[in-house]
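J.: Based on the hints, put chain B in the right spot on chain A.
Chain by chain, the residues:
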Amino acid sequence: MSDFIGDWHALLVLVIAGFLPNEVWRMLGLWFGGGVDEGSELLVWVRAVATAILAGVIAQILVLPPGALASVPDWLRYGAVAAGFAAFMLTRRSIFVGVVGGELVMLGGKWWLG
Amino acid sequence: MPLPPLDSPNWQSPVRAFAWGMRSVASTVLTLVLFATYLGIGALAHDTHFSLGWVLASTALVWAGPAQIILISTLGSGATVVQAAIAVTVSAIRLFPMVVSVLPMMRTPQTKRRHLVLVTHFIAVTLWVECIRLLPQVPRERRIAFTHGLGIGLCMVCLSATTLGYGLAANLPPLLGAAILLLTPLAFLLSTARNCRQLSDILALVLGLALYPLVSLLHTGVDILISGISAGTIAYGVHWWRERE
Chain A
1 MSDFIGDWHA LLVLVIAGFL PNEVWRMLGL WFGGGVDEGS ELLVWVRAVA TAILAGVIAQ
61 ILVLPPGALA SVPDWLRYGA VAAGFAAFML TRRSIFVGVV GGELVMLGGK WWLG
Chain B
1 MPLPPLDSPN WQSPVRAFAW GMRSVASTVL TLVLFATYLG IGALAHDTHF SLGWVLASTA
61 LVWAGPAQII LISTLGSGAT VVQAAIAVTV SAIRLFPMVV SVLPMMRTPQ TKRRHLVLVT
121 HFIAVTLWVE CIRLLPQVPR ERRIAFTHGL GIGLCMVCLS ATTLGYGLAA NLPPLLGAAI
181 LLLTPLAFLL STARNCRQLS DILALVLGLA LYPLVSLLHT GVDILISGIS AGTIAYGVHW
241 WRERE
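Taken in sequence, the protein lines are chains A and B.
Quick note on the working numbering: the first sequence kicks off at 1 and runs consecutively.
Quick note on the working numbering: the second sequence kicks off at 1 and runs consecutively.
To be clear, the hints were calculated from the coordinates, so they are not data collected in a lab.
Where a beta carbon is used, it is the ideal one built from N, C-alpha and C, also for glycine.
You may find that some hints are simply not true.
[To be verified] Partial pick of chain A residues on the chain B-facing surface, computed with a CB cut under 10 Å:
hint, residue
1, Glu23
2, Phe32
3, Trp111
[Unchecked claim] In silico SDA-like cross-links for lysine to any residue, where the CA-CA straight-line distance does not exceed 25 Å:
hint, chain 1, residue 1, chain 2, residue 2
4, B, Lys112, A, Glu23
5, A, Lys110, B, Arg16
6, B, Lys112, A, Phe32
7, B, Lys112, B, Asn171
8, A, Lys110, B, Leu175
9, B, Lys112, B, Leu175
10, A, Lys110, B, Leu176
11, A, Lys110, B, Ile152
12, B, Lys112, A, Val24
13, A, Lys110, A, Phe85
14, B, Lys112, A, Trp31
15, A, Lys110, A, Ala86
16, A, Lys110, B, Ile86
17, B, Lys112, B, Ile152
18, B, Lys112, A, Leu28
19, A, Lys110, B, Ala170
20, A, Lys110, B, Asn171
21, B, Lys112, B, Glu141
22, A, Lys110, A, Val46
23, B, Lys112, A, Leu20
24, B, Lys112, B, Gln12
25, B, Lys112, A, Met27
26, A, Lys110, B, Gly167
27, A, Lys110, B, Leu168
28, B, Lys112, B, Leu199
29, B, Lys112, B, Arg133
30, A, Lys110, A, Trp75
31, A, Lys110, B, Thr48
32, B, Lys112, B, Leu6
33, A, Lys110, B, Leu172
If we strip away everything but chain A, and leave its shape as in the complex, we get:
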């Protein structure tokens, strides 16, 4: 069991840094949700910051790639994501086509590099 989860310390980190930070906002929504207007300016700012944080995470994975992704050259990682985005826009925002397109460019590029 200890190999499966890791030690109790790892689980504690998960609760403190993963579970509670998310659950707090959900439960606050449940408790105080009645009084907030969905179109309010505060929520526009919150959404913009949340979107920008997510964008930062995407950039982090591309700029400082983890594990096996680090074996793909920089230009090919950026190129593949740009190609996926182009495919997404050209197909009236099909996420499926965009993801498959980006993956094919990356795999094709690696194959071509040998």
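T.: Coordinates of chain B only, in the frame set by chain A:
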């Protein structure tokens, strides 16, 4: 596969409403996106040396893909627990408006707050989008049971994908391992781009992508937080300024 009409006997028991919720998992393309995302999360957890049990627990307890990626990548790159907790807390603020906007669709005069606790835990971007699409087709007094089915169904899909991604990253040749890790940024970028509703959202996405590489040169340990709050605030500022025009 369409849901039965509102007056159908199919909706008479909460158990059947739960089953319809679970079946609705198969009716949306977002399930596929979620599957790809969690394949990526499983692979990311493997390559940053977390255990399988830990990442499965994170899928069930955290239940928010972006937060899990932030958690795994910040901890994996050597940030402290406090730094990771701050970054995840800020990223999770977006759950608040989702909860606030979806719960009124499920309340009846008899609903107690405790009936909504599990539903509230399940709220994340995919469930939120699907609730807004599907709940109007479900009788009001069955909506909680229906959402429980939908949430548990999606959770099972994500747990399977996490396990599969973890296993694949451990056993695949590096090329395919890289392909699975690339699923995460692709799926997040495109699903976020699709959810952009106004100028401030688009600007936040573009500025957030552009600012992070610059801020990361500072090596503060909270780079994502700094670039996210600055980019988001600039995007909001532009929105505010244009509204005043």
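J.: Evaluate each hint against the coordinates.
T.: Hints versus structure:
Below 10 Å, beta-carbon pairs count as interface contacts, and Glu23(A) has one with chain B at about 7 Å; its hint therefore holds. Restraint check, Phe32(A) versus chain B: the minimum CB separation of about 8 Å is within 10 Å; hint holds. Proximity of Trp111(A) to chain B holds as hinted, the smallest CB-CB distance being about 8 Å (cut-off 10 Å). Between Lys112(B) and Glu23(A), the direct Cα distance comes to roughly 19 Å. Compliance with the 25 Å bound is thereby established for this hinted pair.
Of the pairs offered as hints, the one joining Lys110(A) and Arg16(B) is violated, with about 49 Å between alpha carbons and a cut-off of 25 Å exceeded. Restraint check: the Cα-Cα separation between Lys112(B) and Phe32(A) comes to about 14 Å, which is no more than 25 Å; the hinted pair holds. A threshold of 25 Å between alpha carbons decides the hint, and for Lys112(B) with Asn171(B) the separation of about 48 Å lies outside it, so the pair is violated. Between the alpha carbons of Lys110(A) and Leu175(B) the distance comes to roughly 8 Å, so the proposed pair stays at or under 25 Å and holds.
Taking the CA atoms of Lys112(B) and Leu175(B), the gap is near 52 Å; set against the 25 Å cutoff, the hint is violated. This hinted pair checks out: Lys110(A) and Leu176(B) have alpha carbons roughly 11 Å apart, not beyond 25 Å. Restraint check for Lys110(A) and Ile152(B): the C-alpha separation of about 38 Å exceeds 25 Å, so the hint is violated. Annotation: proposed proximity of Lys112(B) to Val24(A) holds, straight-line Cα distance about 19 Å (limit 25 Å).
For the given pair, Lys110(A) sits about 19 Å from Phe85(A) by alpha-carbon distance, which is consistent with the 25 Å threshold. Taken as a hint, the Lys112(B) and Trp31(A) pair is honoured in the structure, with Cα atoms around 12 Å apart against an allowance of 25 Å. Our distance criterion of 25 Å between C-alpha atoms is met by Lys110(A) and Ala86(A), whose separation comes to about 20 Å. Taking the CA atoms of Lys110(A) and Ile86(B), the gap is about 37 Å. The hint is violated against a cut of 25 Å.
A distance of roughly 21 Å separates the Cα atoms of Lys112(B) and Ile152(B); the hinted pair therefore holds under the 25 Å criterion. Taking the CA atoms of Lys112(B) and Leu28(A), the gap is about 16 Å. The hint holds against a cut of 25 Å. Taken as a hint, the Lys110(A) and Ala170(B) pair is honoured in the structure, with Cα atoms around 20 Å apart against an allowance of 25 Å. Simply put, Lys110(A) and Asn171(B) have alpha-carbon atoms about 19 Å apart, close enough for the 25 Å limit, and the pair holds.
The straight-line distance between the Cα atoms of Lys112(B) and Glu141(B) is roughly 13 Å, inside the 25 Å bound, and the hint therefore holds. Note on Lys110(A) and Val46(A): the hinted pairing is violated, with a Cα-Cα distance of about 39 Å set against a maximum of 25 Å. A threshold of 25 Å between alpha carbons decides the hint, and for Lys112(B) with Leu20(A) the separation of about 23 Å falls inside it, so the pair holds. A distance of roughly 21 Å separates the Cα atoms of Lys112(B) and Gln12(B); the hinted pair therefore holds under the 25 Å criterion.
With a C-alpha separation of about 14 Å, the suggested pair Lys112(B) and Met27(A) falls inside the 25 Å cut-off, and the hint holds. Taken as a hint, the Lys110(A) and Gly167(B) pair is honoured in the structure, with Cα atoms around 22 Å apart against an allowance of 25 Å. Using a Cα cut-off of 25 Å, the hinted pair Lys110(A) and Leu168(B) holds, with the two alpha carbons roughly 19 Å apart. Using a Cα cut-off of 25 Å, the hinted pair Lys112(B) and Leu199(B) is violated, with the two alpha carbons roughly 38 Å apart.
A distance of roughly 24 Å separates the Cα atoms of Lys112(B) and Arg133(B); the hinted pair therefore holds under the 25 Å criterion. The suggested pairing of Lys110(A) with Trp75(A) holds, with an alpha-carbon distance near 11 Å, which does not exceed 25 Å. Distance check on the hinted pair: Lys110(A) and Thr48(B) sit about 23 Å apart at the alpha-carbon level, within 25 Å; holds. A threshold of 25 Å between alpha carbons decides the hint, and for Lys112(B) with Leu6(B) the separation of about 23 Å falls inside it, so the pair holds.
Between Lys110(A) and Leu172(B) the alpha-carbon distance is near 16 Å, which keeps this suggested pair within the 25 Å criterion.
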